[in-house]
Each structure stands twice: as C-alpha cells, then as structure tokens.
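S.K.: What follows is each chain in one-letter form.
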Amino acid sequence: MAASLLRRLTPSWPLSVSVVAFWMLMTDSFSVGQLLLGLLLGWIVPRFAARLDREYARIGSLRPVPRMLAIVAWDILKSNVIVAVQVLGPEKNIHPGFVWVPLDIQNIHGIAALTSMITLTPGTVSAALTDDRRYLLVHMLDMSSAEAAIAEIKSRYEKPLMEIFP
Amino acid sequence: MIDLIQIALSLLLIVGTTFVLLGAVGMVKLSEFFRRVHAPTKASTLGVGCVLLASVGYHLFLGQDPQPRELLITAFLFITAPISAHLMSKAALALMRDARPVPPEDTEISATVARPRGEERVNRNEERVERGVSGGARSEWWGEE
Amino acid sequence: MTSHLLLWPIVIPLLGGAVSLFLEHRRFSWAARRATAWAFMALLAVAVGRIIGQADTGTIGVYLLGDWPARLGIALMADRLSGWMLGVTLLLGGACLLHACSGWDRRAPHFHAFFQLQLMGLNGAFLTGDIFNLFVFFEVMLSASYGLLISGGRGLRMRSGFHYVAFNVAASALFLIALGLIYGLLGSLNMAELSVRVGQVAPAQAGMVKAAFALLLLVFCAKAALLPLYLWLPETYSRAPAAVAALFAVMTKVGLYAVLRVSTLLLGAQAGALAGFGQQALLWAGAGTLLLGALGVLGAARLRIMIGYVVIWSAATLFIAFALGRVGTIGAGLYYLAHSTFVAAALFMAADLIRRRRGHAEDDKSIVAALPDRALPGAMFLVAAISAAGLPPLSGFLAKAALLSDVPVADTPLVWSVVLLSSLLVIIGISRAGVRLFWRLPAQVAHVEEDHGPGGHLPVARARPNETWATLLLLGLGVGMTLFAAPLMQYTDAAARQLLQPGDYTQQLRETAPAMRTP
Amino acid sequence: MTGHMFIETTIVCCMVAVGIAMLLCLWRLLRGPTVPDRILALDTLSVTAVAELMLLGMHLDSPIYFEAALVIAMLGFSSTVVLCKYVLRRDIVE
Amino acid sequence: MIPVLECLVALPFALSAIVAMLRDGPRTRIAWIAASAPLAGLLILAWATPAILRGEVLQVSYPWLPQLGLNLTLRLDGFAWLFAMLVLAIGALVVMYARYYLSRQDSAVRFLSFLLLFMGSMLGLVVAGNLLLLSMFWELTSISSFLLIGFWSQQKEAREGARMALVITGGGGLALLGGVLLIGRIVGSYELEVVLASGALLRAHPWYPWALMLVLGGVFTKSAQFPLHFWLPHAMAAPTPVSAYLHSATMVKAGVFLLARLHPALAGSELFFYTVSGIGAITLLLGAWHAIFQHDLKGVLAYSTISHLGLITMLFGLSTPMAVVAGVFHILNHAIFKASLFMAAGIVDHEAGTRDIRKLGGLRRLMPFTSALAIIASLSMAGIPLLNGFLSKEMFFAVALDAPDSEPMRIVTGLAALLAGILGVAYSLRFVYETFLGTGPRDLDTTPHEPPRWMKIPVEILVLLCVAVGLAPALTVAPVLDTGARAILGDAMPAYSLAIWHGFNLPLAMSALGVVFGVALYRVLDRVLDLHAINSRPTGRDAFWRNLELLFVFGNRVSEALANNSLQRSLLMLVLAAVVVAGIPAWSEGLPLSLTGNQPLPLLGWMVWLVMMGAALGALRLYRQRLLAVIVLGAAGTMLSLTFVLLSAPDLALTQLLVEMVTLVLLMLAMNYLPDRSTVEPGRLRQWRDGAIAVAAGLGLAILAYAVMTQPADTVAGEILARAQPEGYGRNVVNVILVDFRGFDTFGEITVFAIAALVVHACLRRARMAPEKRIEGGHVQLPVPADLAQILFPLTLTVSIFLFLRGHNAPGGGFIAGLVLAVPLLMQYVIQGVASVESRFGFDYVRCIGVGLVVAVASGLASLLFGVPFLTSGHLDLHLPLIGQVPLASAMGFDTGVYLVVFGGAMLMLSMLGTIKGSRRKDAQRHALDPDARSPQTGGRA
Amino acid sequence: MELALASAIGVLTACGVWLMLRARTFDVILGLTFLSYGTNLLIFAGGRLRPGQPPVLREGKAATLAHYIDPLPQALVLTAIVIAFAMTAVSIVLAMRSRADNRSDHVDAYAAAPEPDDGEQRKDGR
Ligand code: NA
Ligand code: NA
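Residue numbers (my numbering), protein chains in the order written: chain A, 1 to 166; chain B, 1001 to 1145; chain C, 2001 to 2519; chain D, 3001 to 3094; chain E, 4001 to 4942; chain F, 5001 to 5126.
Since the hints were derived computationally from the structure, they do not count as laboratory data.
Hints may contain errors.
[Unchecked claim] Taking lysine-lysine pairs in the BS3-like style, the calculated list, with each CA pair at most 27 Å apart, reads:
| # | chain 1 | residue 1 | chain 2 | residue 2 |
| --- | --- | --- | --- | --- |
| 1 | A | Lys78 | B | Lys1029 |
| 2 | E | Lys4156 | E | Lys4359 |
| 3 | A | Lys92 | B | Lys1029 |
| 4 | E | Lys4773 | E | Lys4922 |
| 5 | A | Lys154 | A | Lys78 |
Because the structure is a prediction, the values reported are computed rather than measured.
Could you build the full structure based on these sequences and the hints that come with them?
M.R.: Below is the structure:
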C-alpha cells in the first residue's frame, strides 16, 4: 500500500529521499519552509529527471546496504595503506595485469555499483565492460593473487549487490 | 574537549593530505598509465574525503558556520570518481598498441579492445541521416524553406 | 514621476528581438513576422522622435537605472549627440529592414531577432553614460552583427566572419584592459564622474592614465577603422549581405561616436594634464587613413571592396573633423556622419543589385560582363556615387565645405590638401568603377537579351520593389539632408557646442536625484 | 582564532602539502607521455583543488568556498568525460 | 512678383527630370518638350533685357546654409545675362539639331535629359550670386558633361574621353572649391557682391597667391589651358551636338567666364598678369599649331577651340579694360562661329559617315549649301574681314600691341598675336580646303548629300549671326557687348568703337600679314611635310593615362599590400598599435613603480602561481597538438579559478570553473571538425617577431598592472558595500551589483549570450559537415557511466536550484545556476548519446532563450508600475503561517530571466555543435582513422 | 603578491598574443582565451589585492572597504568572462564552418576551386 503510493508519487523514492536530504544539507538552517521546499523538490526533480532515464532497473532489499558499506569502507582504508607501500616502494615489486571477471549480476545499477567499488578499492581498477555485460575487465596491481581477488570481488561485493539489485 | 577535537581533526587532515600527496606521488612515480591510474583515483579520493570530513568537523565544532555541507561534496566525489576512472581506462585501452587484453569469448567491447579485422561497419553518417536526429533544437520549428 | 523615455530605445528592440524568436514558426506567416518587426520599428521611431525633440531643446536627459545615483549604478543620458546618433540609426535601420524584407530575412535564420538586437546594441551604446556599460552594448551590437553577417552565409563569408569576430574579440580584450586600468586608477565607471576625476589626476599617475586612455581611444579607432586598424574592414563588409552591409555603415560610426564622446567629455578642456590628449595623433592618423582609404578606392578590384574603402575614407574624414575639436568642425562632422552613413548604405544596396545582375562576373570591375536593365541601378549608383564623392549638389559637398571652412589656420595646409586630394582620388576611383560596370559592356551584348547572363543559365536578377524603395529611401534621405541642411546643421552645431561644454553634462547628472533613494 | 593555533598550523602545512600535490600534477600534465596520462593529471588536479578549497575554507573559517568545491566535485569529471570520449570516438556526442 | 530667376534656373532641371521619365516616343515631341526649357528661358531673358540694358542687376537670395555662408543667391547682371543668352540660344539650336542628328539606336530621352541637366547647371553657374553656389554648379557641369561625353558608352574612346574630362575638370573643381573657401575666409562672405567689392582686401592678403592659384586651377582645367588642355580633343568622342554645345560655346567657356566674373576681385597683380596671360599665350599658340595637324574634323575644331580659349584667357590676363572688352567679345563670337562649325562637321559626319579629312574633300559639289555655311564660319574663325571673328581678333591685336608693363612685353605679346593669327588662318584653311574644296571624297560608303532641312537651320541661324555681327556690329552686338563688359569693368569701361573699318593701322596690317603668312604656311606644310602622313601624337593623353594607370596600380598595390585579407596582419597591427600607444605616454611620463607596495605572497600562492604559469607555458609548447593544448588549457583555467578563490572572489572562481568546463566541451566538439594538429608554420623569423611582440605586450601590461595595483585606490565601492544590504537586500555584494547596481550590464550580458547562442544555431542549423577524420567502429557503449550520470542528474538539478535561490546572499546566482544545470545535461548527451537524450528530453532551447529575455525585461519593467526606474529592486518579506518568513526580492525575477537565457543558450550551443548532420558528399574531410593505429602520445594518427 | 599577479597577467597575455598571431583558427581561439584570462586578471587587479576578504557580508563586520575587497571589479570580470565565453563559442563555430567551406583551417583559407552549387566561393581577385 505504502509502496504503491510512493511509486505513484515519484518514479524513484530513493532518489526523492536523496534530493530532500541534499536540500536539507545544503540550506543554511533548518526551517519548516525549507523542509517544505525540499519535499517539493523531492517530488518534482525526480519526475523531471526521470525523463532522462534510459533503462529501468529494479531495487530489491536494502537490508544488506549498511553491512556492505562498512565492508567497502574498511576495504578502502585497509588496502590504501597497502597501495601506499607499493607506490612508495620500488616499482619492481609491482606485477600488474588485466583480468576478465565474469559477472553474474545483470541489474545495471548493480553493475555500476560493482564497478565503482572495484575502482574505489585499491589494487583494482575496472577498465571496461563487455557490450553484453557478461565480463568486466579489471586492471590489478598485483597479479600474483588474481584468482583470489576475483573470488573476493564476487563474494564480498557482487553477492550482496545482487540482493540489493536483483 | 576543544583540544581533543583539534588533535583528532589534525590527524584526519594529516592522513587525508598524506593520501592526496601519495596519490600525486604515485601518479608521478609509476611507469605506465594503468599503474598510475591506481594512485590518484583512490588515494586522492580517499584523501579528499578525509579532508572533507575534517572540514565538517571543523565547521561544526570550531567554526562560525556549523553546517555539514561538505558531506555533499564527498557524495559527489564518490559518484564521479569511478566515472572518470572508467572512462580514462577505456581511453587508455583504446590507445594501447600492444598487450591489449583480448575478450574471453565471442563477446565484444566497442572501440577499446582488439577486434577481428575486415568487418564491414555501417557508415556512421548514413546511419545518422537515416536515424533522422530530431527533437530538441532541431524540431520542426525552423524547418522551413 | 520619472520619465522613462530614455529606456525605450533599448527595451523596445530587445522585446522585438525576443518576440521575433517566438514567431519563428511556420504557424506564423512571413507577413505577420515582418509586421511585428515593423511594429517595433514604429514604436522605436516614436521613442527616438521624442528623445530628439527633448534633446533639441538643449535638455540633457538623465535616467538613473535601478534608481541608483549615477556614481553607483548606471545612468542613461541623452544629449543632442545621442539624439542625433539615435536618429541616424533609426533611419538607416528602417531602410535596411525594408531592404531585408525583400527576401533576405527568409534566408537568414533569426534575421529579425539579430536585427532588432543590433538596434538595441547601437541605441544602448549611444545612450549609456557609463563606460563599462558602453563596452557591454558594444558587445551586444557586435555579436548581433556577427549573426547578421554570418547567418545564411557560407564559404568565404565564413572566413571573413572569422576575421571579423577574431579581430573584434581582440579589440574587446583591449577595451577591457583599458577599462580595468581606468577603474583601477580613477575608481569610477560613470563617464561624467570620470570627467571630473580625470582633472584631478596626480602628476605621478598621469602617464598611466594616459596609457589607459590611449588604449581606450585605440579600441574605438579599431572599431572605426582608423589607420592601421582598418585592414579587416573592406573584405568583411564586401562579404556581407546587402542589407547587413548597409546596416554596417553605422558600425564604424559607433567607434567615432565613442571617440568624440571620450575626447570631449573625458579629455576636454577640464581634463587638466590630459586635456586634448591624443587629438594631434588622431588628426595625423586620420589624414593618413584618408589618403590610404582613397588609394583603396582607386585600387579595389571589386565594387563592394571599393565601397568598404569609401566607408573607411569617410570615417577618416570624421576623425579629422572630430580631432580638430571645434564647434564648426564637429558640427559639420556630425552632419557628414549622417550623410556618409546613408550614402554608404545606399551604395552597398546598389552594389548588390549590380552584382546580382552581372551573374558570374559579380561585382568584379576587371571582368567585362553584361549588365541588363541598367537604368535603375545606374541612376541609383550615380546619385549615390556623386553624394559619396562629395560632389555637389548633395549633402556630401555641403558637409565637406562646412568642414573645410572651419579648419583652424594652422591645420589648414594639411587638412585641406589631404581632403581635397583624396576627394579627387575618390572621384577618379568611383568614376572608373562606374564606367567599368555600366559602360564597358561586352561588344555583342550591348543590348542584351534580358533573361540570360553570360553563362546562359543565370536568370537576370530583377530588382525587388522593396530593395529599390529602400535604396531610394536612403538616397532621398541624402536629398532631404541637402534641402534641410540649415536646420540640421544648426542642430549639429548646437550638439557640438554642448559637447564642448562637458560641465553641463556632469552637472546635469549630478543634479538628477533618484526617485526615492537618497542621492 | 588563537584558541585553534594547533589546528591552524596543521591546516597551513596541509595547504602546502596539497600545493605540492598540485605541482606534481603539473609535472605529469606537462610530461605526459600519453594522452590518458595528461587527462589523469587534469582530473587529479581538480580533485586536489577540492581539498585545497576545503582547507582554505577552514583556514579563513568561511563557508563561501563550499560552492566552488561542490561544483568541482560535481562537475569536474565532465572535462575528463569529454576528453576521454574524444579519444575514443573523436565525436563526443554521438 | 514672379520668381523669374528661380524659374530660369529651375526650368532645365525640371524638364530634364520630365524628359527622363518619358518613354522613348516620337522624337519631335520629345525634342519640343526639351526645347521648351531654353525657349522659355529665352523669353524670361527677353523680359529682363530692358532692365539689364539699363544697367540694373536682378538679384534674389534665399538662405540655404547660412552658417556656412551658402545662400541660394541668383544674380543676373549684364555679363550673366550675356552668357545666359548664349547658353540658352545655342542650347535651343542644339536641341533642334540633335533631334535629327541622333540615330535610331540612341536614346533621345537619355540624351536630351542629360543635355538639359547640363543646361541647367550652366545657367546656374552663370547666374549664381554666391561663390559656393557657383562652385556647386561648376561641378555639376563636370558631372553632366561626363555623362554626355560618355553617351556612346559602348565606344572605348567615349568612355576614356568622359573619364579624362571628369578627372581633370572635377579635380579643377576641387581646386576651385579650395580657392572659393579661401576667398570666403579672407573676405568673410561668399556673396559675389561682397567678393567683387573686396578686390583690394583680397590682393593685399597673404593668402592671395594661394587663393588665386586654386581658383586658376579650376579655370584652367575647365577652359582646357596648357598643360591640361588635352582632355578637350578626347571629349570629341561625344556626339557632335554635345561638342557644339559644351566644347565650343558653353562649358569650356565656364573657365573664362569665371575668370571674367572674378576679374574685379582677383586681377590687378603681377602674379595674375604673368600667370594668366602667359598660360593663355602658350595655349593659344600650342592649340593653333596642333590644330593644323589634325585629321579629324572635330579634332581640328577642338584644338582650334583650345587656341581660342587661350586667346580669351590671355586677354583677361592682360587685364586692361580694352582687353576685357575684347575678351567678352571674343567669347561671344567664338561661341557663334564654333558652334556652327561643329554642327557643320556633324552634318558632314552624318552624311559622309566619316570625319577624316583625308577621306573627305570636294563636298561643295555634293552638299553645296552646307559647304557654304561651313566656309563662312571657317572664315570667321580665321578672322577674315566682314565676319564677326575678324572684329574681335582685330581688337585682340590692338590689345596685344598695347599690353601693359613694358616695351619688350609688348613685342612679345604682339608677336604671339601675329603668330596666332597666322596659325589660325592655316588651320582654317586646311579645314575648309581639304573638306569642302579640293579633290575627293575618297573611299566613302555612302554618297553625301544635303541633310534634312531642319538640321541645317541651326547652322544657318548661327552663320547668319556671324555675318550680321561682322557687317553691322554696332547695330547688332554693340549693346549686348557693352552691357556684358560693363558688368565686369564697371566704371573702368573704356571707350571703343565697333566699326569694321578703323583705317590703316597696325592691327589691320597684322591681320593682313596673318592671312598671307597663314596661307603660305599651309601650302608649305602641305608640300614639304605631307600633312596627311603626319600622325600627331596627342600631347598629354598618353602621359595622362599612363599616370592614371600607375595611380591605379599604386592604389591597388598599396591597399593590397596593407590589407591583404590576412587576419594575422590585422591582429599584429592591433597589438603593435596597442603597445605603441600605451607605451609612449607610459615611457615618456614615467610610471610610479616601487617594490614597497608589494604584499608578501604566501607559499601556497607561489605554488598556484607556478602551476598556472607552467600550464600557460605548457600550452605554448604543446599548442600544435591540439588535444594536449586543450588539456593544458583546462589546467590553466582551473588554476585561474583557484587564483580567484585565493584573492577573495568566490563568484568569479565559480563562474570561471563552469565557463572553463563548457569551453572545454565546445573545443572538443569542434575538434571533431578541425584538424587535430597545427602544421608547422614557415618562417622562423616570423615566429621570433611574434614572440618579441608578445613579450612586449605581456611585459607592458604586467608593468602597467603592477603600477596600478601599487597605487592607492579611490573608488565608489565603499558606498556600494554600505548600501548593498539595506537597499539591495543581498549579502553577496557581487551578486547585488550584478542584478541591482549594475543590473543593466547583466541585461546586456545575457543578451550577448543569447545572441551568441542564436549565432551558433543559425550557423549550424542547416549545415552539413564531414568530420575531419572518421574512426571506424560503432557507438561506444557506456552503460556504467550512464547509470551513474543518471543518478547524478537529479542531484545536480537540486544543486542548481539551490545555487540559484541562494545567489543573492552567497556565491551563486542565475548565471552559475544555469550552467550548473547545463553541464550535467550535456554530460547526458555525451554519455547517453543525442538520440537517447533528445527523444526523451525534447526541449526548445530557442524559445527558452526568448522566454528568458522576456522574463528579464518584464521583471525590470515591473518597477515602472511603481513609478521608479527600470530594474529598481523591491523587497517583500512574506510572513506565512507555519513556514515563517519568506524573503522575496524582485531581483529574483531578473535572475530567473538570466537563468533561463544561460541554460537555454548553453544548451543550444552545445546541442547544435553535438548534432551536426553529416555531409552527403563525403564521410570525412581527411580519411578514416584506424582505431588500432593511433598514437598514444597524441590520440591522433601514429 | 602584486608582483606575482602582475607577472601572471604578463605571461598569460604574452601567451595569448603569441597564439593569437598563429595561422590556424584553433590556435587563434586558444590565444584569445588566454588573452581573456590575462584581461580578466587585470580588471580584477584594478580593485587591488585583498586575500581572505571576499565581498560577502558577514554579521559583525562593518560593510566597509576595510573589511571587504572592492566588489565592483569582480562584477565587471564576471560580465567579461561571460562575454568572452559567448565570443569563443561564436568563433569556434565560425572556425568549423570556415574549415568545412574553405577546405582549410588556415585563418586566411579560401577555396581553391568553387563548390558546384556555391555562388559564394570564387577565386579571389588577388
Ligand atoms: Na567636358
Ligand atoms: Na580632304
């Protein structure tokens, strides 16, 4: 009931929430007027922006989100240090290379999120997606543990993402 | 209390700045594009994120203008950084003349990865004419004469 | 109750431009679009008429935009000079619009919008009393002129368009540099305010202020095509469509207007160390341009290039008139300004007709080509050429005689010799062009069959009635200027007198209080 | 301001450090050698500029540099996108 | 009172216009209409005759340009009356003659219209009572004669003759104008009355020589005096009626007319005497000598005319009262006999089809009546007794023998006169003998016979006059001459008698000698030299054309060498001029430069400075690889905005950033249609030269900037700061200035922006272009960036609205907000592709611009309703329940207009550039680019 | 600080002028862009340099020139930036059209041979 009402109000309620949140963050001070304005924008802006949406993608459960964000944040911090060492150390210790990561996730939001995460986490940069979206080309700074890295990507990131974006 | 906050924020700033610097050093030091791209894309992003957090804290606790607006910047940075990195990698792949990765099977990546030769492509211009790009400024408004 | 009169010559064409954007749809007939353009012209005419009427009484109109005192905001001001320039622009604009309504407006996208905005820019430049606002209106005028020049064009017009734009952008950069220096040194942008501040410049700063004003004058000279900055003009004007080239006849005059305004208001007698700065240089440069312009008229291979040089030549005459800085010369110069604007426009229009009739030969003098049905363009060209060359009995002669008669004794040898000599060169050049185009016809086709050009494919371009009327209107304006020379020159002399007493201008501005704000 | 002496000093030092990062970006920008390297340098330069702006905002205790930083963070990638698209296709709007 | 003089002058002009508007119809009718002008004019003159003979002066004056001293003063005195009579009478005859002379192909309407135009100009010249007015009519005669000479424009000779005449007489006219202006300056008026009365003042003035020389410049060119006489023979390319009218009777006489007219004012100095009589004497002899060697009938007459004009000039130069009388008399006589001779020559030409003396001869048998008339007129020309020419020639001899000054002078003038007489007889003889007498004609296509009756009548009348005057001068011409001469001489009028017989005296002897030696000379020349074989090169003509052509070539060379359509040249001149004009005052007066005003720059500042300079110099190094140059330019722009940030200009920084982004997009869009590298420019020297100029410009500007920055400031800005919040209702003072204090600038600025967008649209709307190079392969799929951008867009839209609403109090505003909306939308174009975006997001940007402009104007005009000026800001605090205080500033309305224009404009530009249609003819300008063979260093072909 | 800014103005202007004098349209446009950078900095400098005092009024600081930088030159520079951008757009489009129509991106390019259906393109009378 609530979900259908939301859907009728806005094409994408996470977007509407983000807009309202953005608005309230930006304004100088909290006031009822600003909140009303924010809500108004939260209603109008996504409608306007929806005209640009090129493909529709479903959102499933949001339950894994916090855990996943935490994992990612930790990964980022942890491996940044490792990369720092790699960068500052002699370059001969680096053995980079490309890896094709086969994808199971098909939801485009999910793929986008996965690519972003891969890029943001150190040691890997997602370089390209095949046109059929079945493989992701990833550049790795350390090819010695490529297999393990792929497995980790698939288990740590892709699986929870498939829950969020089925 | 203030001193503690000062110390905490200073630490955050120092860490952030270090990462920013590290990203830049990596970019200068490493020997090839795909190595270099690792450094700034995340080190700098992370570093700026730390600075932003410190800024939020500073304005909240020490400054005259207690607003956590910098969070927005962080959000935007984290959305846009992967777009940049993705595109730069794609461009680098397109310009890579040897040792370009070959797609695993029958699949294909436009404009970046080595593809079989001799394939006949549609003339892009003809295609565009056929497609009859329309809408927007090219609408029938000025279509006369 | 404030009078908003000074605002209308700027706002009316702006609205005209905006409205014509809405009418660019096949839903609206061409008649409706043109009627709208003319309606805005008529409104403009009413406003300009009233401004001239007001200025004629000697009143200096002041309009404080935003109700701010002039030193803080922007003020519009209308003295006799502004009224004169507005009137000239209006009349020229009417003729050009008429000419364009014969068909060019259909071929050039956004023509009416560009046209109205061009008028807005011109009127704004003549009305503003703020030097940075002058820059802005210069840009409005120039960008609209880019539109008019390029729209509907192709080929070499694109190249000359690029030249024109690049040159003007560079000149605008200089303008900004000058303005930056002037503001940095004098701390104001209002011209009347500057007029006072210039007189109080410390001796240590005099060099800098002079450098700034030198750059400012240089920019205006570049717009007005003074030696050595006229090089871009002939080619550009010759590539413009006729109605546009005709309208461009007033573009160089804007630069001259600005030179006159700056040299009387800011560098006049009250300017202390800067009084009369640059006048001697302008005089010599004007003399040089006069001769080189006349040589250009002689040497031009194409008719429209030649007319471009006629424009340069007449601008140079004006430089001399203004640089001499006397009531008589400035008055005669202003009269000459109107005359030369109309006549150059008429020449461009006639040249276009000739070009189209000559088929592939276009307006190239060196090619012998048939010119079917030459009576009408011939007559128009003859009258325009006589007027342009300053031959009697038309206004050019009167203006030149009035100018020469008031040259101070010390400058007489220089000015008379260059003016008279260059006039002779221009007569030689124009008569040669006329003879080559109208008289030197291919032997066999002296009485050519009317519907085939030399290539045998080109149908002979007929004069469209609107084009003819537009040209006749301009020539008629010249005749009118001749007949009513006395009252007109009385006005221009009064304008000159007003200009030479910048104190009145300053005082009027300072005495005008905002409607509700504290002054 | 005097109360925040410690963090003030840190901020000034950080500003210098970020400035050094910017110089390093310039080095890569001018050195290349490949086009993507230079694009990367430009991209990094704008990201460091965000950090610099934030530090400046703290230094002057003023919120007015926020908008500039926001715009760089939000739209700074557009240069990168356009340049990369040009490298890929020459025709950036297909 | 009937406006008599006005009608006299206006009639020919009016009829000229009427005739011009007639369609070519029956010749006779047109001729009658045309002839009505001179006939009516003659009636008017006849009406005025009694008064004129009484010595009265008819005068009317209307102010025309009183400031200048130009009045429409018409003044008919005896001399003017005499000349007007000449102009009208001969004019009427010429019209009659022309009606039969013109052939079928010639447009009578055009001819007669031009002729009347000339007649009016000439009449105006004659009766002008104001020197400026006179010089106006003077030039009008030049113009109308140009048209008449070039009447047969298909003939090269006609075109050249017309141009030559225009150049020389027009140039003379300019000299005359100068002289007149100088006289006006000396005397203080251009009114003839005043000038004529101020002779003493004039001659005493130090400018007198200049005034005299300038006036004489006009006189001598018009009257074909040596050395500018050569145009007259070439003017003979005109139809014969024109020659008869202009080149014998009237226009060429305008010069001597003016000489006579201004005689009281200008004559009386040695300078005048020697110059005028000297030039006159030379012309007299030279013309006569050349006349002998012409083979063209009209050529003989033309040179004879030159000679006679020299004679008249010489008479006025001698300046004695008797000389003046003789001059006036000869003007009259020469007009009569020369006009008839030209007409006779025209008849011969008309009948025989040639004017070549060598082919003619013996015409007295074929056309006896015409021959008789021509012979009589020729004898008059030769100065044979019983004809009018004799009378004035004898007067001339008498005057020459009585020349002032000294005995040697008298001998010289006397000998010159005698020689002139001899030569005159010789060429007259040649004219008569070889045309009408002797043997021939030879090789003619037709057999000449008498012309139509009416064609002869004008000649008959004129010849009759020759005879009548010659036989009974006292009865016919005496009162006329007396009136005319008296108008010039006034009280100095000498006593003279107009008898045929003055007894045996020296002049008579000279006449006799002249006849004898003249006949002898002709026979000798004919025998010894064989006149037919001599091809006399027309003097002056070749030199004239050669010089004129040189002038054209010179003009062409100079102007093309200067304006060679080179943008580089134009820009170079601009920069050079700027360096020079700013450098001179700065250098000569010195700049207050000192290091004390310099504030220390923090370390960060130096780093930003380093990066910016590095980027700028890097761009200089990399500019030939355009992609790289654009990247480096982007860095320089970013650093520039950082500079603005450091220097307390957040709005500038924001704007610079956004503009930088959009510029970069524009450049990249354009680069698809431009080569991706610049070729090496030839010429090291040029690069060094440009480098030196660039360094000079940069250094100069840096010095100026430094000097300005270290000077104390004195600005109005303090007041702006103080009044921004209370009266402008905003805390961001820059924005308050933009929308309020100087809102009108912004108003113009958005107009410029709108126009620029429209220009882009107009330029590309229908353009089809091939990209520079085509890269093989299909579209690039970018699903991941597209997805992220899709999330980004609504957020950026929110930010845009935020920046817009807040701009008045913090950095932001309509312009910035508009671009913040445009850039992400453009990214959608880039990432998703045009078709995808525009099919979903159809938006009419042009109308968006229009709406924006209207909104801006309307919000500005709203203040008019409150009786305050345009763009006056208003402010309203709304108190709403629950929501609280909502501040509304009218500037917001204006800013909305800005927002719409900027968004619409930017999107219009970018979408037009992004959606150019491909060329139908070709795929790419250069070639396809193999995607696998690109250089990683440049992105282009390896 | 003044010295640094003045030298920056000088270098930017010199770069701009040198590029502006090149023979290719694109280079000229680049040059004009650099020139406008220099120009904008110069106008800005006319208000004198006051780091850390942006003209956004704050509570507790009197609205005088002692506390804020001169805002007027900033408004002028904003106008100048916008206009310069507009002109850049126009010149870019012209450069493209000129290259397409006249077959070269030389600033003085002209078509060597006329296009079939093009009356405008003709050999110059040079
Ligand atoms: Na003549
Ligand atoms: Na013979």
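S.K.: For a C-alpha distance cap of 27 Å, please report whether Lys92 of chain A and Lys1029 of chain B respect it.
M.R.: holds, 12 Å
S.K.: Are the Cα atoms of Lys4773 of chain E and Lys4922 of chain E separated by 27 Å or less?
M.R.: holds, 11 Å
S.K.: Is the hinted pair Lys4156 of chain E and Lys4359 of chain E satisfied, with a Cα-Cα distance of at most 27 Å?
M.R.: Status holds; Cα separation ~23 Å.
S.K.: Holds or violated: Lys78 of chain A and Lys1029 of chain B, Cα atoms, limit 27 Å.
M.R.: Answer holds: Lys78 of chain A to Lys1029 of chain B is near 22 Å, not above 27 Å.
S.K.: Holds or violated: are the alpha carbons of Lys154 of chain A and Lys78 of chain A at most 27 Å from each other?
M.R.: Holds: Lys154 of chain A and Lys78 of chain A sit about 19 Å apart, inside 27 Å.
Going through the hint list in order, the structure satisfies each hint without exception.
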